[in-house]
Amino acid sequence: MKVVFTIIILVHIGIFQMNAQKANIPYVQASAIGLELGVNQTTLLDKSFSDLKFGGNLFKFGFLFLKENNNNYWESNLTIHTGNINYQNELYDSQLLSAELKLQYGRLIASTTPQKYFLGAKLRSNVMIINHNGFNGGSWMTNEILDITFRVHLLLKEKHKLQIGCAYPLVGFIARPPYAGVDKFVSDNALMIQKVIFGRSQFKTGLSYFNPVLNIRYIKDWRRLKLMVEIEESYLSYQAARNIKKNDLSLSLGILYNFGKNEK
Amino acid sequence: MKNNLSIITITILLIGFSACMKDKIGESNEDTFQYLWSEMSENYGGFQARNINWDSLYTIYQPQALNAGSQDELWTVCTQLLNHLDDSHVSIVDTKTDNGFISGWENDEEVAIEEFDLALITSNYLEADFTTIKNSEGDLIHGMVKDKNIAYIHLPHFVSQGNEEWHLDFDNVINSFSETEGLILDLRNNFGGITAINRYISGRFAATKELAFYVRTKNGVGANDFDEPTDYYMEPKGANPYTKPIVVLINKATRSSGEEVVLYFETQNHIKIIGEPTSNAFSDTGFDRFMPNGWKFKFPVQYYQYPDGSSPEGVGIIPDIMIKNEISDIESRQDKVLEEGISQF
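As you go down the protein sequences, you meet chains B and F in turn. Residue 241 in this note's numbering sits at position 241 of the first sequence, with consecutive numbering throughout. When you read off a place in the second sequence, starting at 1, and then add 264, the result is the number in this note's numbering.
Quick caveat, the hints were computed from the structure, so don't treat them as lab data. You can trust all of the hints, since none of them are fake.
So the derived label-pair ranges between C-beta atoms look like this:
| # | chain 1 | residue 1 | chain 2 | residue 2 | range |
| --- | --- | --- | --- | --- | --- |
| 1 | B | L191 | F | K473 | 17 to 25 Å |
| 2 | B | V39 | F | S305 | 38 to 46 Å |
| 3 | B | F65 | F | S305 | 47 to 55 Å |
| 4 | F | L475 | B | I193 | 28 to 36 Å |
| 5 | F | S320 | B | I193 | 38 to 46 Å |
Computed from a prediction, not measured in an experiment: that's the story for all the values here. The beta carbon of each residue, even a glycine, is placed where N, CA and C say it ideally should be.
Assemble the whole structure, with the sequences as input and the hints as a guide.
See the structure below:
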């Protein structure tokens, strides 16, 4: 399934490339900063935590910075997901907290009005903690990942835009609980949770850390305000001492303030 | 059109990934028993020390589980299976009824708890100006034995965190006893806590550096899948470790970190252990394992050994002097174990 999906992504990137033509770009946006709120429907099968599938709706909150000019874009996001997850019997109420910092850059590789195609990279640092009943049950995952990204910016009509992007990990450092959930390192550092969670990261590539992300974003611009509605789908499958599979489907609404110099 | 189809294809594939996650545990009696037995078989660290033939217990209890006519009957079968381990770190809880079970607890640790009375000690055996350190997990007591130049400290646990980090002031407690001729450290009914804390405390009573024990942790499903052993040493810590004669009191309800600290004390010539064998629940436990029927269980995943390769697991720590209270002693206002400890000075 992973190989099939990877091939499909690459084929579609190729289709976009073949259809592209260079053209002058009539619209350019400067910078924007703002907040986003949303909900994330998460489904999780984390063998370090449980052999049962857990799920729930998490509250999503974030800060964004966007910058775009004729040839590239920059993005920076700090996003927090928090909420309860449970098994279908609703007896194992647990808390999931996730925080992620992302830095993205995309370079224009082709354009054909009204579309622009960007190829880029994303650097993200993420921590996820699951807590059941005062860590009688629990799990964690931290990662620092470099993704390759591809994005299409589509001008629907003046001041209405659609951005469709996908990303896939290239390399990264991943930390997960040991096989038994506890070992000497965890036991000796029980009073330093940050050392336990972030310590002993392992270098992995996208061949073993399977985490495709699809993102569709609608933007409505006014002179000083930007409204953003975003859907993001992320699937993760990673085998460490214990396997984790996680699916996140999030919907968020962002309000941003436009500033900076508009170019034409 | 091509682009629209691409988006739809990718979206369907990605959303479809969530369907790849499936529970692998069913809800039948057979599935419940099988999951419990298999998880223990693959991940419990104490079979070897306890000489438990887990496979033979499967042949005995699995048919009973299949024939159980209710969840209560299945619960009885599963708890009888776990009770063979006699390991108070093995526990199972029914989250629907709040019914819980601890392996080996009944008629064992449960009784020992009743054979210790701190109020009896403070009223009959300590000077009136003893100090109480309030703690949400259990108050700590220290003071002087009546009419003796002997210090007394009772540690009910090794939980020290948040705004109750009593261990950070422990050096001051020890310093206050610097002029005594000896000290009684009472670890009876110490239910354990954070291993980093007991290791912090133990060094405050060390005169020499000695190898106390080593620990191996399960890292795979095979019976012998343990990581490399980690050595743990008793060594002097703090500005002024107390190295005058010490008597450590233990009982069957001394467990977990409460027992581990005694492994350190056993290495020191100036420390004598008095009481009855401890609980034998040394190892750290893994996380709760959840089952579809609302039961969750946890168990130890490590194996403790002395430097000579023998193990205190399955037996507990054997004291230098064996003596235990009976409930009748407590009722008649006598703590024979403490009196034996005082007589050593």
